[in-house]
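Build the full structure now, drawing on both the sequences and the hints.
Taken in order, these protein sequences are the chains called U, Z, D and B. Residues in the first sequence are numbered consecutively from 1, following the working numbering. Residues in the second sequence are numbered consecutively from 1, following the working numbering. Residues in the third sequence are numbered consecutively from 1, following the working numbering. Residues in the fourth sequence are numbered consecutively from 1, following the working numbering.
Derived from the structure by calculation, the hints contain no laboratory data. Treat the hints with care, since some could be wrong.
If chains are identical, the list can't say which one is meant, so a pair holds when it fits in one copy or spans any two.
In silico DMTMM-like cross-links for lysine to aspartate or glutamate, where the CA-CA straight-line distance does not exceed 20 Å [stated by the list, open to error]:
#, residue 1, residue 2
1, K71, D223
2, K219, D35
3, K11, D49
4, K219, E141
5, K71, D119
6, K219, E133
7, K14, D49
8, K36, E7
In this text, all values refer to a predicted model and were calculated from it rather than measured experimentally.
There are 4 protein chains.
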Amino acid sequence: MLEELKEEVCKANKALVTHGLVVLTWGNVSGIDRDKSLFAIKPSGVPYDELQACDIVLVDLDGKVAEGKLKPSSDEPTHRELYKAFAAIGGITHTHSRCATAFAQAGREIPPLGTTHADHFHGAVPLARVLTEGEVEADYEANTGKVIVERFEAIDPMAVPGVLATGHGPFTWGRDAGDSVKNSVALEEVAHIALLSLQIDPECQELPAYMQDRHFYRKHGPDATYGQ
Amino acid sequence: MLEELKEEVCKANKALVTHGLVVLTWGNVSGIDRDKSLFAIKPSGVPYDELQACDIVLVDLDGKVAEGKLKPSSDEPTHRELYKAFAAIGGITHTHSRCATAFAQAGREIPPLGTTHADHFHGAVPLARVLTEGEVEADYEANTGKVIVERFEAIDPMAVPGVLATGHGPFTWGRDAGDSVKNSVALEEVAHIALLSLQIDPECQELPAYMQDRHFYRKHGPDATYGQ
Amino acid sequence: MLEELKEEVCKANKALVTHGLVVLTWGNVSGIDRDKSLFAIKPSGVPYDELQACDIVLVDLDGKVAEGKLKPSSDEPTHRELYKAFAAIGGITHTHSRCATAFAQAGREIPPLGTTHADHFHGAVPLARVLTEGEVEADYEANTGKVIVERFEAIDPMAVPGVLATGHGPFTWGRDAGDSVKNSVALEEVAHIALLSLQIDPECQELPAYMQDRHFYRKHGPDATYGQ
Amino acid sequence: MLEELKEEVCKANKALVTHGLVVLTWGNVSGIDRDKSLFAIKPSGVPYDELQACDIVLVDLDGKVAEGKLKPSSDEPTHRELYKAFAAIGGITHTHSRCATAFAQAGREIPPLGTTHADHFHGAVPLARVLTEGEVEADYEANTGKVIVERFEAIDPMAVPGVLATGHGPFTWGRDAGDSVKNSVALEEVAHIALLSLQIDPECQELPAYMQDRHFYRKHGPDATYGQ
Chain U
1 MLEELKEEVC
11 KANKALVTHG
21 LVVLTWGNVS
31 GIDRDKSLFA
41 IKPSGVPYDE
51 LQACDIVLVD
61 LDGKVAEGKL
71 KPSSDEPTHR
81 ELYKAFAAIG
91 GITHTHSRCA
101 TAFAQAGREI
111 PPLGTTHADH
121 FHGAVPLARV
131 LTEGEVEADY
141 EANTGKVIVE
151 RFEAIDPMAV
161 PGVLATGHGP
171 FTWGRDAGDS
181 VKNSVALEEV
191 AHIALLSLQI
201 DPECQELPAY
211 MQDRHFYRKH
221 GPDATYGQ
Chain Z
1 MLEELKEEVC
11 KANKALVTHG
21 LVVLTWGNVS
31 GIDRDKSLFA
41 IKPSGVPYDE
51 LQACDIVLVD
61 LDGKVAEGKL
71 KPSSDEPTHR
81 ELYKAFAAIG
91 GITHTHSRCA
101 TAFAQAGREI
111 PPLGTTHADH
121 FHGAVPLARV
131 LTEGEVEADY
141 EANTGKVIVE
151 RFEAIDPMAV
161 PGVLATGHGP
171 FTWGRDAGDS
181 VKNSVALEEV
191 AHIALLSLQI
201 DPECQELPAY
211 MQDRHFYRKH
221 GPDATYGQ
Chain D
1 MLEELKEEVC
11 KANKALVTHG
21 LVVLTWGNVS
31 GIDRDKSLFA
41 IKPSGVPYDE
51 LQACDIVLVD
61 LDGKVAEGKL
71 KPSSDEPTHR
81 ELYKAFAAIG
91 GITHTHSRCA
101 TAFAQAGREI
111 PPLGTTHADH
121 FHGAVPLARV
131 LTEGEVEADY
141 EANTGKVIVE
151 RFEAIDPMAV
161 PGVLATGHGP
171 FTWGRDAGDS
181 VKNSVALEEV
191 AHIALLSLQI
201 DPECQELPAY
211 MQDRHFYRKH
221 GPDATYGQ
Chain B
1 MLEELKEEVC
11 KANKALVTHG
21 LVVLTWGNVS
31 GIDRDKSLFA
41 IKPSGVPYDE
51 LQACDIVLVD
61 LDGKVAEGKL
71 KPSSDEPTHR
81 ELYKAFAAIG
91 GITHTHSRCA
101 TAFAQAGREI
111 PPLGTTHADH
121 FHGAVPLARV
131 LTEGEVEADY
141 EANTGKVIVE
151 RFEAIDPMAV
161 PGVLATGHGP
171 FTWGRDAGDS
181 VKNSVALEEV
191 AHIALLSLQI
201 DPECQELPAY
211 MQDRHFYRKH
221 GPDATYGQ
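Here you go:
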């Protein structure tokens, strides 16, 4: 079932290694087929170099495994909450990439300090709040998704395609699995440059809003001119 | 037309990846044929590993595409302004390399702290000022070039072959496309070492002028002794 | 003798290079056969790319070489003390990986700042105290192991599979040689992210205990759900 | 002439790239034949990947080229001064490796903060003073060597096989060309870890002298036990 989607999700998971976003098995990518309401996700704990398309697990939006012999990623309920709430997204990536995770651990949003940021994220990369003890005990992974959705109440997820889960790390999304990985690459690079900028000047200012808009809309929306 | 130039520019763009100066499609290199007044530049948004010489776009100094089926880089007007103002340069590189971009975001020039810097840049790597809202709305990419030219009013661009666009990132230039990439490598390395030096000692002093001169003129000008 | 164990230990030593945990010959891995009370360890000063399974030295728990023409790693007595004291461990890795060593040199434990840490270490990564002059003169390498054991008096070594020797660097352990290397990878990554987190916010707080528990027990113990 | 030495020096220069110690052509290695009083050194400005043994230049201790069609490295007079003053050394490496150069630019010695340092350098890695304007004008490269020798008046160069030239970068030496490169690898790693340690704790203390001695003499001198 959905062989093409599974191939694409398998390839996107392996790309995490190529881009230096993961060590060991610390990340997972999924992609959804909106017509069938099924998403394809990495199985739990399987090394990237052993991963094959036939290992990818298909899950429905109630969390039931529709196909696959392996257990899905333990973060599957988080992906599910995001797919349910953000209708426009087609793929999700979760990593523990260093600089983005450092901002998440420090409990700081990533401020829009330059055009590199503005090309990919329209405004700061927000923080989802830390979960309460009850939320962790009840349904931890689903609640991780719910506090992200809560944080995006007034934010368009396609204009800000990523978030930091406080004390945890980044989630990004995109049009499809591969696009969500590209947004993880962008997020880590933006976080790295922000961290260095703040070392040079702890009072480093945000890019003026008119510059942010110019760069964001050059790459996104109906008036985008970037690319072919 | 200009097959050799297109080959050279194609190769120089791919070298950005080899040197670790770009992720995704975040950089572009061009080279100019001064006799024909045409410059060859990377097409917009094309991944480096797919790039072929036949994809390189030829543009004249009025911004008209002279050859090529693809759209030129969105930074093409910036390159054009620099070619028009700096008669001695034959190639231009733009990246978002981490440490140089961090100085650009922090709005700090890169001070000449050591001989590594002085071997390549005669004096601080300057900052071009941030654009006004009007300049961004009117003709953003051309104005990005114009404020660089404005900043070099009293600086010889061949003695300081690079600049930081405030809030954006570095541009470098050189005798040809390949030479401009080498100057981007040098700039990022110099920025990285400066950043680390300032971490060790925030009051780190500039190299004495007589040392800067000794190193710069060992590699540049009529009395250069470096190389074969 | 114990050909399979020697192959495994040889491969685990070479993995230190793949994971970027060592330069030159700055690290060593061992693995134990509990039935035979023999452990297999890297020979001293042999480059990883020349290392063969037949070079691996077998040592008994009194420090006598049971098989092998080469001298064991100079850290052999440290490994031996840990095998004697920690009955549950099957492999040990010692490196001078950068960020973990920086915490060891600074004499700081690695605080549990996020879920990346909690997935692998249940609580702070502790510091073993600096040795006295007498302890260094008497039997330095064995005493390095003894102060680690002293530090773990009230800590389960399988819940915190690593330590920092003050002024020296990290030791990690695991179910077998390969597992101890994975814990070194995790330790260095956790140390790196902690270092960056503290740069962003020097007052960065520990992850709430209920979050630490949730992540640690998701991957460890009878109720673990992670993996297949 | 001295084909074996030229092969060894060629290989040692290429190893600078493998170990990540250089970009572009920013480093050079030499090796000496003490019987013939000739040293073999990299030619100036030649890329490492094009370098062949037959390109290596042979120079005598008066600076006269004894063999070779290419010009020697511009740092040749510095190497020569060190060979003349330090009778025990057989090879020299000069790089602009990042962290060691950052300490040189900041004008700070690298303090012996841990056993990684003590394994390779017996005490702090010293700073050679900045040259006066007169020393730069007269015979810059030879004087760079002379201030290093001046700094080692009371230091055994085989116990501290490296130095930082203030505002410039590191020089290391060893038994032969390859050994001097290993000491450059060690120096950069030690500098990197020191820099991170000082970020974690700006008041980070030196390793007790008895620990430094234990580690240094484990690897050096008549009682060394490390290696085979």
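Hint-by-hint comparison with the structure:
no.	hint	in the structure
1	K71 to D223	between (43 Å within a copy, 15 Å between copies)
2	K219 to D35	neither (27 Å within a copy, 34 Å between copies)
3	K11 to D49	both (11 Å within a copy, 17 Å between copies)
4	K219 to E141	between (33 Å within a copy, 14 Å between copies)
5	K71 to D119	between (37 Å within a copy, 18 Å between copies)
6	K219 to E133	between (41 Å within a copy, 19 Å between copies)
7	K14 to D49	both (7 Å within a copy, 18 Å between copies)
8	K36 to E7	within (17 Å within a copy, 47 Å between copies)
The structure fails hint 2 only (numbered hints given earlier).
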